[in-house]
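Enquirer: Here are the chains, one letter per residue:
There are 2 protein chains.
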Amino acid sequence: MPVGTAATVKALTQEALEELGASIILANTYHLYLRPGHELIRRLGGLHSFMSWRGTILTDSGGYQVFSLADLRKIADEGVRFRSHLDGSEHLLTPEKAAEIQLALGSDIAMVLDECIETPAPRNIAETALKRTSEWARRARNHFLERATRNGNPPQWQFGIVQGATYADLRRESARQLLELDFAGYAVGGLAVGEPHELTCEMTAEVTALLPKDRPRYLMGVGQPEQLADYVAQGIDMMDCVLPTRAARHACLYTHEGRVLIKNSRYASDQRPIDAQCTCSVCRRYTRAYLRHLFAAGEITAAILATHHNVHFYLDTMRQIREAISFGQLSNFASELRARYVAGPA
Amino acid sequence: MPVGTAATVKALTQEALEELGASIILANTYHLYLRPGHELIRRLGGLHSFMSWRGTILTDSGGYQVFSLADLRKIADEGVRFRSHLDGSEHLLTPEKAAEIQLALGSDIAMVLDECIETPAPRNIAETALKRTSEWARRARNHFLERATRNGNPPQWQFGIVQGATYADLRRESARQLLELDFAGYAVGGLAVGEPHELTCEMTAEVTALLPKDRPRYLMGVGQPEQLADYVAQGIDMMDCVLPTRAARHACLYTHEGRVLIKNSRYASDQRPIDAQCTCSVCRRYTRAYLRHLFAAGEITAAILATHHNVHFYLDTMRQIREAISFGQLSNFASELRARYVAGPA
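As you go down the protein sequences, you meet chains R and A in turn.
One point on numbering: in the numbering used here, the residue at position 155 of the first sequence is 155, and numbering is uninterrupted.
One point on numbering: in the numbering used here, the residue at position 20 of the second sequence is 20, and numbering is uninterrupted.
Hints are computed from structural coordinates only; laboratory data are not their basis.
Hints may be right or wrong, so weigh each one.
Because identical chains cannot be distinguished in the list, a pair is counted as satisfied if it fits within a single copy or across any two copies.
Straight line, CA to CA, 25 Å or less: simulated DMTMM-like cross-link-like pairs of lysine to aspartate or glutamate [claimed, not checked]:
1) Lys74 x Glu226
2) Lys263 x Glu135
3) Lys131 x Glu226
4) Lys263 x Glu15
5) Lys263 x Asp87
6) Lys213 x Glu18
Please work from the sequences and hints to get the whole structure.
Expert: See the structure below:
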């Protein structure tokens, strides 16, 4: 899922997302709650109408951003109290409030509020956070179902989030507790935050082994292009990451031969496309030399073209993963992906 | 002509320019000479190939930017010596050099180097600058024709630039001197730089009265949308201006009812398109509320959508002007344009 923090995937229009074949994007509850405000978006007909996006929208709970505020937030059983990074105003985010905001936003998939902790975490911290996460999930689920019952059909799919840091038994316990709440899908949170890639995969596998096969499984906030197939191999169906869009704005382009740091002077007169194997509209039309020039000149067009290419690269990698699965070749494809990135750029 | 300073119209891809129906754009010799360098662009096959633009390209001479450097430049009969705004390096721009750079860039229309002076200018300053401009035009024309003769067919159309500040007799003298050099087209420079609009029109009319009807006439660096028809009424065929693109990035949108400063809180829940009468892809899809939000959040997408709309508005105004001419209604249309902008935004 491309990340559209403030109801826009940075540097891409919705037409561009459609051309790229993006079927689902993620939007951030924290950002939209603060600006322009969820009540405004509700009045304007919800996020789909507000941003004119017919595809699917997943909203996070706002928790991850709030917990990243560090000095600006305070956690209690009730919820998390925080100050806006925009104007310092004080807010209280509870499991019920996070669910309510997402109902107002009208996303298709809503995430429950979870407690995000720093890793590596001592076991007692992880246990406390897990207990709170499970309790919050129960409250969020109750609030959601009460609203859903009141209004007829469920307006959204609500996903639970498995926590438990890097403790396999806590991960399993978290999954079991969430399963009792019968969510429409399940996410794995709090991973890929600095621990080794192998450990991320191991923890993911512990969780996916317990999750029902007929519900989506979502690994949050990943990943590097060469890791995507590994996560799918652990049973993951959905991922989100700012990497393709953020790296693009910092002139880092993904290719079938590895990363191209396009500002490098070696590309100044390089008439090849960003990626000779890529079929995106940028690679069909523009040269590395032109991209390099646009970045050197600080042009907005640089961000537009680079983002378009990188998002295409990620979505195309996922298409290749699906194809590999259909041919029973996922494991081979995962090795191939890793090899490209060890070898480095052309 | 949309302005594509550094071989890109800011925030628009070439695909977007094609969708907008832009048939010609302007690129800046000064900027491209300094970065990425005209010799690099020559090696890469010229500007058309470099930026992948099949439409027409007009390049200015670089003079206007160099003269704007003020403290960083020194003028003599030979040419103008200046320091780069990028790295302070010293350069000499002569009429021959300006022609040569544009040959390297491979634009379709090249402008001669002229002396740009501040206005209002005392008559003796205007006379001296005019004399130098005419001499430079002669040298530029000779250099160009010599190169053209050497290589067969003319590789470009070269345009002369009429100067003379706000002195009608100097304007006429400048035009007559340029006509002797038999340029492919003629520009009117040094106007719309602070003098009243009526005076701009008056000076333009003095010049166009002398110019051949079968050669393009180009008024440089204009204008406000409500002024475009007035300039055409004075016999002008071509104009360039950074206004539609620059204003867009500063959240100023042009509409059939006047300017909309989209950051204004009055648009926060405005579900109308930017301009109800506009047929551009932005007005067909997005609301004022969404545009306002994107600007408030500082999103790149704001610049993309706003620029798209404003460039469409300018090109559409020119289409309406051509239509008005074909119906003998140019004067009425010019009045209508002015009225809209006096009335102000909806």
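Enquirer: Which hint numbers doesn't this structure obey?
Expert: 1, 2, 3 and 6
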